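This is what each chain is made of:
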Amino acid sequence: MQNAILAAFLGGVACATIGVFIVLMGISFIGVCLSHAAFAGAILGVLLGFNPLLGAFLFSLGTAAIIGPLASRGELNLDTSIGVLFSLMLGLAFIFMGLMSGPKTEMLGLLWGSILTVTRTDLILLGIVASAVVALVVLFYKEIQAVIFNREIALAVGIPASLILYGILFLTGSTITVSLSPIGGLLIFSLIINPAAAAYQLTYSLKKMFLLSAIFGIVSGWIGLLASYLFNVPSGAAIIVASSLIFGLAALFSPKRKIKRWRVKDEPSRVL
Amino acid sequence: MINQRETNNTIVKIENAIVSYREDVALRDVSLEVKRGEFVGIIGPNGAGKTTLLTLINGLGKLLEGRVWVLGNSINRGSVNGVRKRIGYVSQLQNIDPRMPINVHEVVMVGRYGKLGLFRRPNKRDHDIVDRTLELVGMSHLAKRPIGHLSGGEQQRVAIARALTQEPEIFLLDEPTASLDWRAQLELLELIKIIHEYQNLTTLFVTHDLNALPDICDRVVLMKNGKIWHQGKPEEVLKTDILSQLYDAPILIQEHEGKRVFIKAS
Chain F
1 MQNAILAAFL GGVACATIGV FIVLMGISFI GVCLSHAAFA GAILGVLLGF NPLLGAFLFS
61 LGTAAIIGPL ASRGELNLDT SIGVLFSLML GLAFIFMGLM SGPKTEMLGL LWGSILTVTR
121 TDLILLGIVA SAVVALVVLF YKEIQAVIFN REIALAVGIP ASLILYGILF LTGSTITVSL
181 SPIGGLLIFS LIINPAAAAY QLTYSLKKMF LLSAIFGIVS GWIGLLASYL FNVPSGAAII
241 VASSLIFGLA ALFSPKRKIK RWRVKDEPSR VL
Chain R
273 MINQRETNNT IVKIENAIVS YREDVALRDV SLEVKRGEFV GIIGPNGAGK TTLLTLINGL
333 GKLLEGRVWV LGNSINRGSV NGVRKRIGYV SQLQNIDPRM PINVHEVVMV GRYGKLGLFR
393 RPNKRDHDIV DRTLELVGMS HLAKRPIGHL SGGEQQRVAI ARALTQEPEI FLLDEPTASL
453 DWRAQLELLE LIKIIHEYQN LTTLFVTHDL NALPDICDRV VLMKNGKIWH QGKPEEVLKT
513 DILSQLYDAP ILIQEHEGKR VFIKAS
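For the protein sequence lines, the chains are F and R, in the order given. Note that this note's numbering numbers the first sequence so that position 167 is 167, with each residue one more than the last. To convert a position in the second sequence, counted from 1, into this note's numbering, add 272.
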């Protein structure tokens, strides 16, 4: 249980932080795409007898490396290319699985993760990636801020915008890969999007958004674990529900929505 | 090597540039020289290659053939970040998400980031420059507002402030007044004029809208079908017959309080 609490903390920080990039750049689909790439890579690893983690890394970073140039050249709609790669990865994963003999439950487990039986290696890797994500965001905060705001403007003022974008994609790929086994391919998506989307509802400051998102990520993990312990429900699913609830509350009490309502109410009185 | 080509105070020199995007040729053998301190207006119909010409100068465009020198540096594919830091670029109004968590002060500070380089944070001097520039464009009172909450005219003023905090030597304006209302257009043009004069800039101003062409242009470049079709002093080229040919549509010119007003004749 102690390990699970630590894994939820580290995974929450890493996923929720990269979630801020993904939500602000409007590329939410990249989460599912890269997690399925990692999934396919891991299965190929098992199939060919090398470390599944290595396969997962190669596949998700490779996919991120294809998306990067597509995004920066703008030759293809980013969403379309992510969609094509996502379906390809899903297809590959099931082909690799079909080629495998013996029970496949362990592989399917990667989709749901096993946070309660997280290994020491998983924790160490998760710790390394979470620290790297936080350190790089602090170190390159101003460049990241500029690229998130507008890539063309970032380029025009002399910021190496493509390099920063590739860095962001690389971090996303790494985070997803190390989260695959403890957190699970499907759960990662909600842990990336929900906390950041919730934070987005609540603040106009990017710094606060990073901070709130990380807090929401950790809290969703912990509430989910607690609920799974108390009500004997699957931990992964409980974490998804917890993070969605936090998003729901944030959207409900969002000051950004209040302004809209005020305007609507305000209009008729002025007309009269 | 450096400054070898910058003779006679030439700050931008484009030689026989050819730019192509897939099957379309955007620029066909274009050559242009701009002298320090000049205000050059670039006009022409949509798709004439005006924007492409600007992007050659800040290295965002890909040159297929020909050569470009800017501020004494040859602009090739790849590392032009150094030159870009000395060029302010304002494009037309961008669509900004009103919930974007970045305020006006932060957006203007982005202009300093290139100069600062990696690993360095803005210091008091950078903040002072941002504050002063916001004052210059009349946006100080909105410094803490989220950028997405501003009107189009206000956002363009902020974009100009961002370009100015780069302390640029060249100022590239790509349809900055497009999609602004008339009053915002007039105010923005006035601001651009003041900035050009007081900051000793070399300005290139692109527009398809003849009435948005600032009256302080030293030279007007007329582009059509990826070529420089004509160029000269405003009084020489802004004539009914030339413009009507340029736009393939009858255009009338009327004088109003000493200013030229262009009318699309039907």
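Quick caveat, the hints were computed from the structure, so don't treat them as lab data. Please read all numbers here as calculations on a predicted model, not as lab measurements. Each hint should be verified, as a subset may be incorrect.
Restricting the straight-line Cα-Cα distance to at most 25 Å, the calculated cross-link-like pairs of lysine to aspartate or glutamate (DMTMM-like) are [stated by the list, open to error]:
#1 R:K499 <-> R:D487
#2 F:K256 <-> R:D487
#3 F:K208 <-> R:D446
#4 F:K208 <-> R:D487
#5 F:K207 <-> R:D487
#6 R:K285 <-> F:E152
#7 R:K531 <-> R:D446
#8 F:K256 <-> R:D400
#9 F:K142 <-> R:D487
Practice task
Could you tell me which of the numbered hints above are not met by this structure, giving the numbers in increasing order?
Solution key: 2, 3, 4, 5, 8 and 9
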